[in-house]
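Visitor: These protein sequence lines are chains A and B, in that order.
Numbering of the first sequence is given in the UniProt record's numbering, commencing with residue 1 and proceeding in unit increments.
Numbering of the second sequence is given in the UniProt record's numbering, commencing with residue 1 and proceeding in unit increments.
The set of hints was computed from the structure by calculation and includes no laboratory data.
Here the structure is a predicted model, which is why all the values come from computation and not from measurement.
Be aware that one or more of the hints could be misleading.
Copies of the same chain look alike in the list, so a pair counts if it works inside one copy or between any two.
List of simulated lysine-lysine pairs, DSS-like, C-alpha gap at most 27 Å [stated by the list, open to error]: (1) K139 / K22; (2) K133 / K16; (3) K139 / K68; (4) K16 / K185; (5) K139 / K16; (6) K81 / K139; (7) K133 / K68; (8) K22 / K68; (9) K81 / K68; (10) K68 / K185; (11) K185 / K139; (12) K22 / K185; (13) K81 / K133; (14) K45 / K133; (15) K185 / K133; (16) K81 / K16; (17) K22 / K133; (18) K185 / K45; (19) K16 / K45; (20) K68 / K45.
There are 2 protein chains.
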Amino acid sequence: MSLVKSDYEEVTISTKPIFNGKVISLQVDEVQLPNGQTATRELVKHPGAVAVIALVDDRMIFVDQFRKPLERMQVEIPAGKLDSGEEPLEAARRELEEETGYACESLSHVCSFYTSPGFADEILHIYVAEGLKQVGELKLDEDEFLDCLLLTFEDAQRLIQEQRISDSKTIFAVYAWQIYRLTGKWS
Amino acid sequence: MSLVKSDYEEVTISTKPIFNGKVISLQVDEVQLPNGQTATRELVKHPGAVAVIALVDDRMIFVDQFRKPLERMQVEIPAGKLDSGEEPLEAARRELEEETGYACESLSHVCSFYTSPGFADEILHIYVAEGLKQVGELKLDEDEFLDCLLLTFEDAQRLIQEQRISDSKTIFAVYAWQIYRLTGKWS
Numbered sequence: 001m002s003l004v005k006s007d008y009e010e011v012t013i014s015t016k017p018i019f020n021g022k023v024i025s026l027q028v029d030e031v032q033l034p035n036g037q038t039a040t041r042e043l044v045k046h047p048g049a050v051a052v053i054a055l056v057d058d059r060m061i062f063v064d065q066f067r068k069p070l071e072r073m074q075v076e077i078p079a080g081k082l083d084s085g086e087e088p089l090e091a092a093r094r095e096l097e098e099e100t101g102y103a104c105e106s107l108s109h110v111c112s113f114y115t116s117p118g119f120a121d122e123i124l125h126i127y128v129a130e131g132l133k134q135v136g137e138l139k140l141d142e143d144e145f146l147d148c149l150l151l152t153f154e155d156a157q158r159l160i161q162e163q164r165i166s167d168s169k170t171i172f173a174v175y176a177w178q179i180y181r182l183t184g185k186w187s
Numbered sequence: 001m002s003l004v005k006s007d008y009e010e011v012t013i014s015t016k017p018i019f020n021g022k023v024i025s026l027q028v029d030e031v032q033l034p035n036g037q038t039a040t041r042e043l044v045k046h047p048g049a050v051a052v053i054a055l056v057d058d059r060m061i062f063v064d065q066f067r068k069p070l071e072r073m074q075v076e077i078p079a080g081k082l083d084s085g086e087e088p089l090e091a092a093r094r095e096l097e098e099e100t101g102y103a104c105e106s107l108s109h110v111c112s113f114y115t116s117p118g119f120a121d122e123i124l125h126i127y128v129a130e131g132l133k134q135v136g137e138l139k140l141d142e143d144e145f146l147d148c149l150l151l152t153f154e155d156a157q158r159l160i161q162e163q164r165i166s167d168s169k170t171i172f173a174v175y176a177w178q179i180y181r182l183t184g185k186w187s
């Protein structure tokens, strides 16, 4: 196994800022390719996000919310963007409590992944929560509306079939749940 | 289990086009929220993509390429954007052959997921290939440079630990591979 580490690097020649929004920014870079030619790269910058796998007995906690890019409701594991300067672990604890009303005794890192490395730098950190306890009402952002659900593994698999679960982090969570059921380990 | 289907819809008031690129476009929508207030939504439009899980004996086919948004090399399963009007199944067959030099006898759909439903509509369709046969040289796009690798399951798990595999589709593929090793099924 040989992994080339640097021969394929694309060197930035220029960066053109296009948009600077509340959530994302966009720039177009001109790059020099390994063969000396040039190309453009459209790059979305994102602050990063967290998501939480949380089991209450044999059911997992999900939220059901409207997703404007898809123009429909989506069932997902609790998740949210990192606030400025916020540690992922703290963001995971905060999002879980705000979106579901559950606090947890501990959070363990399962994995982190780039959602779409072809055009975006968004990284999503996934944790598994243990020692769940319902502590209060939801505390949603002013533009956030959602329901909290507890689903069995079979419910979750059915919602994947029905495409009501259809995002990368939640499908990952259900696959990880299957491995946990088979092996007792989350990763 | 009760899933609200429409009470949380965000109604588009206006759409402002920001950027129309080679790969993505960006618009900012003003929406009316369920409580009557308004908010903005930053929306990236993407043509959709495909990725292929392909085993040759006990090794999976990966490609190692530079990812400009991450400014480093990444080991990923073969993947690519849909061409205009192209069926996902055909795109999967094309990308596998172009990026790896392998043809396959059949492709089965494993799952499709939205990579980042908070800000983008990109959907990724994942297939598993069977009957792999090396048929020729790579046929890469003019701005595409990569190496093809065959890795064992243990190699792939190690590359996840080393963060050389760190994107959603490839981590999903390695988790699905673990389930396949445990159950004989890909989904």
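Visitor: Hint by hint, note whether the structure agrees.
Guide: Cross-check of the supplied hints:
1. K139 / K22: within (20 Å within a copy, 40 Å between copies)
2. K133 / K16: Neither, since 48 Å and 43 Å both go past 27 Å.
3. K139 / K68: Only inside one copy: K139 and K68 sit 21 Å apart there, 37 Å across copies, limit 27 Å.
4. K16 / K185: For K16 and K185, neither the intra-copy (45 Å) nor the inter-copy (46 Å) Cα distance is at most 27 Å.
5. K139 / K16: neither (38 Å within a copy, 31 Å between copies)
6. K81 / K139: So K81 and K139 pass the 27 Å test inside one copy only (15 Å; across, 38 Å).
7. K133 / K68: neither (31 Å within a copy, 42 Å between copies)
8. K22 / K68: Cα proximity of K22 and K68: in one copy and across copies (15 Å, 23 Å).
9. K81 / K68: For K81 and K68, the Cα distance is within 27 Å both inside one copy (16 Å) and across copies (22 Å).
10. K68 / K185: neither (34 Å within a copy, 34 Å between copies)
11. K185 / K139: neither (31 Å within a copy, 40 Å between copies)
12. K22 / K185: Classified as neither; 37 Å inside a copy, 42 Å across copies.
13. K81 / K133: within (23 Å within a copy, 43 Å between copies)
14. K45 / K133: Answer is neither; intra-copy 35 Å and inter-copy 39 Å both fail.
15. K185 / K133: within (22 Å within a copy, 35 Å between copies)
16. K81 / K16: The answer is both: 25 Å in one copy and 24 Å across copies each meet 27 Å.
17. K22 / K133: neither (33 Å within a copy, 48 Å between copies)
18. K185 / K45: neither (33 Å within a copy, 37 Å between copies)
19. K16 / K45: Both ways: K16 and K45 sit 13 Å apart in one copy and 19 Å across, limit 27 Å.
20. K68 / K45: both (19 Å within a copy, 12 Å between copies)
Hint compliance for this structure: hints 2, 4, 5, 7, 10, 11, 12, 14, 17 and 18 are not met, and every other hint is.
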